[in-house]
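Colleague: Go ahead and model the full structure; you've got the sequences and the hints to work with.
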Amino acid sequence: KFGDNISAQAWCIIRCIYFAYSSKQIRLGCPKRISVNFPMKSFDYVNQKLYEM
29 KFGDNISAQA
39 WCIIRCIYFA
49 YSSKQIRLGC
59 PKRISVNFPM
69 KSFDYVNQKL
79 YEM
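Residue 79 in the numbering used here sits at position 51 of the sequence shown; the count goes up by one each step and never skips.
Derived from the structure by calculation, the hints contain no laboratory data.
For glycine and all other residues, C-beta sits at the position ideal for the given N, C-alpha and C.
Each hint should be verified, as a subset may be incorrect.
Claimed, not checked - Here are the computed distance ranges between Cβ atoms for each label pair:
id, residue 1, residue 2, range
1, Val74, Ile54, 31 to 37 Å
2, Glu80, Ile41, 34 to 40 Å
3, Lys29, Ser50, 25 to 31 Å
4, Tyr73, Phe30, 52 to 58 Å
Modeller: Written as structure tokens, this is what we have:
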């Protein structure tokens with residue numbers, strides 16, 4: 029039963045929190061630092077190689 033399965037209950041609670049947070053983030057707009065690929069802002073050789081790792 030679902031009521032006896034603690035791990036299934038925890039999984040559902042975590043998923044609900046995740047979807048609530050995601051929907052709030054979508055409504056408010058994603059932060060610029062996440063939507064932009066910040067390691068590649070300056071196109072130098074070191075950043076390119078670090079990004080490729």
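Colleague: Mind listing which of the numbered hints don't hold for this structure, in increasing order?
Modeller: none
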